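Based on the provided sequences and hints, a complete structural model is requested.
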Amino acid sequence: MMEAAAAWRAFVHDLKVETADGPMFAGILVYDTHGDVSYEEGWFCNHVTAEAKRALHPAFADVQMRTHRLNLDNHAFHVVDNVYGNICAVGRHRKMGLLSQRFPMGTVVAVFQWPHTLQTTAPIMAKFGRKLCA
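For this note's numbering, add 24 to where a residue sits in the sequence shown, where the first one is 1.
Keep in mind the hints are simulated off the structure, nothing from the lab.
A portion of the hints provided could be inaccurate.
Unchecked claim - Capping the alpha-carbon separation at 25 Å, the derived lysine to aspartate or glutamate pairs in DMTMM-like fashion look like this:
1) K151 - E42
2) K155 - E27
3) K155 - D97
As the structure is a prediction and not an experimental result, all values here were calculated from the model.
Written as structure tokens, this is what we have:
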């Protein structure tokens with residue numbers, strides 16, 4: 025189990041961007057292809073129940089853009105972009121946001137918080153996605 029966590033930690037290493045304002049992503053979550061949580065850290069460990077994490081996964085399979093809102097316990101995110109299940113969503117007053125990137129082994133989800141914005145975090149996730157597909 026410890027080895028698997030270390031492998032996932034290494035896998036998401038490129039998302040752990042440090043800025044003058046702290047880490048760009050407040051939390052990272054990795055689902056396997058069945059929707060089970062393979063790895064989680066930060067915000068997802070402290071603020072989201074296991075049930076909410078399980079309920080979130082089907083939204084990433086929505087390639088026809090029917091999902092307009094993602095609910096994680098007391099947090100709601102409004103989808104502003106969905107490209108084949110790669111979602112960009114913002115929370116209340118755009119003080120939080122959620123990004124997802126699908127890849128052959130599952131889905132990576134990251135949450136950002138103010139002062140980081142969708143405009144500054146989305147390119148990092150897109151670059152990570154290109155690396156996954158290479």
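Evaluated hints:
1. K151 - E42: Holds - the C-alpha atoms of E42 and K151 are around 16 Å apart, at most 25 Å.
2. K155 - E27: 23 Å, holds
3. K155 - D97: Between K155 and D97 the Cα gap is close to 31 Å, so the pair fails against 25 Å, i.e. violated.
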